[in-house]
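Engineer: What follows is the residue order along each chain.
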Amino acid sequence: SQELEQSPQSLIVQEGKNLTINCTSSKTLYGLYWYKQKYGEGLIFLMMLQKGGEEKSHEKITAKLDEKKQQSSLHITASQPSHAGTYLCGADISGGYNKLIFGAGTRLAVHP
Amino acid sequence: DGGITQSPKYLFRKEGQNVTLSCEQNLNHDAMYWYRQDPGQGLRLIYYSQIVNDFQKGDIAEGYSVSREKKESFPLTVTSAQKNPTAFYLCASRQGTTGELFFGEGSRLTVL
Chain H
4 SQELEQSPQS
14 LIVQEGKNLT
24 INCTSSKTLY
34 GLYWYKQKYG
44 EGLIFLMMLQ
54 KGGEEKSHEK
64 ITAKLDEKKQ
74 QSSLHITASQ
84 PSHAGTYLCG
94 ADISGGYNKL
104 IFGAGTRLAV
114 HP
Chain Y
2 DGGITQSPKY
12 LFRKEGQNVT
22 LSCEQNLNHD
32 AMYWYRQDPG
42 QGLRLIYYSQ
52 IVNDFQKGDI
62 AEGYSVSREK
72 KESFPLTVTS
82 AQKNPTAFYL
92 CASRQGTTGE
102 LFFGEGSRLT
112 VL
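Top line first, the protein sequences correspond to chains H and Y.
Last residue of the first sequence: number 115 in the working numbering, and the count goes up by one each step with no gaps.
Last residue of the second sequence: number 113 in the working numbering, and the count goes up by one each step with no gaps.
Careful, some of the hints might be misleading.
[As the list claims (entries may be wrong)] With a straight-line Cα cutoff of 27 Å, these simulated DSSO-like cross-link-like pairs (lysine-lysine) come out: (1) Lys-84(Y) - Lys-58(Y); (2) Lys-58(Y) - Lys-30(H); (3) Lys-41(H) - Lys-20(H); (4) Lys-39(H) - Lys-20(H); (5) Lys-15(Y) - Lys-84(Y); (6) Lys-58(Y) - Lys-39(H); (7) Lys-20(H) - Lys-63(H); (8) Lys-41(H) - Lys-10(Y); (9) Lys-30(H) - Lys-67(H); (10) Lys-54(H) - Lys-67(H); (11) Lys-39(H) - Lys-71(H); (12) Lys-10(Y) - Lys-39(H).
Rather than coming from a laboratory, the hints here were simulated on the basis of the structure.
Make the full structure from the sequences, and use the hints.
Structural biologist: Shown next as structure tokens:
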């Protein structure tokens with residue numbers, strides 16, 4: 004959805020490099036979700052952020068929601084081939100009325 | 002185990018036929034969603050329901066219909082009015098208090 008912009012659209016990195024994916028909206032994000040998807044498969048839940056300034060980490064992946072709750076970033080440290088896939092951010096931008104939309108995704112390739 | 006079940010996983014239909022995709026959850030969630038995903042794209046919201054007997058159009062509702070007669074069930078009908086129905090369809094439900102979002106495994110519809 005154009006209401007939720009992800010950048011970059013695609014990313015190719017060398018194994019071991021750090022990278023950041025951004026998710027931006029002009030509206031306040033109520034409930035921000037990050038998912039990973041392998042080609043042709045279902046979604047793998049990564050993290051959910053709800054409070055402004057919140058930051059969560061799991062293994063080498065860290066996600067943050069800015070104080071204004073209009074932008075989130077997903078940072079991967081020391082990338083590995085297993086991190087390859089499409090990363091999707093989703094959020095409720097309806098002021099808490101449960102309309103959940105998703106960005107177009109960021110396709111990540113990690114080369115050995 | 003609690004979760005969301007989508008069926009069928011794969012479906013082939015002739016052009017002009019209506020098809021219904023099933024989505025059942027035993028998580029006791031009020032909110033349920035249907036998304037469409039095209040190759041290399043993100044998720045686009047078709048319909049969502051916040052409560053039984055109520056549902057709202059998402060961003061691409063034309064050519065689709067839904068019902069929410071029971072809390073557990075949110076079937077999606079792809080009608081013959083949908084011009085390009087071949088896609089991957091994902092159903093989700095959301096926990097009202099925590100905001101946790103759960104996805105089914107998806108249904109891949111191919112119209113011949």
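Engineer: Output the indices of the hints that this structure fails to meet, ascending.
Structural biologist: No hint contradicted; all consistent.
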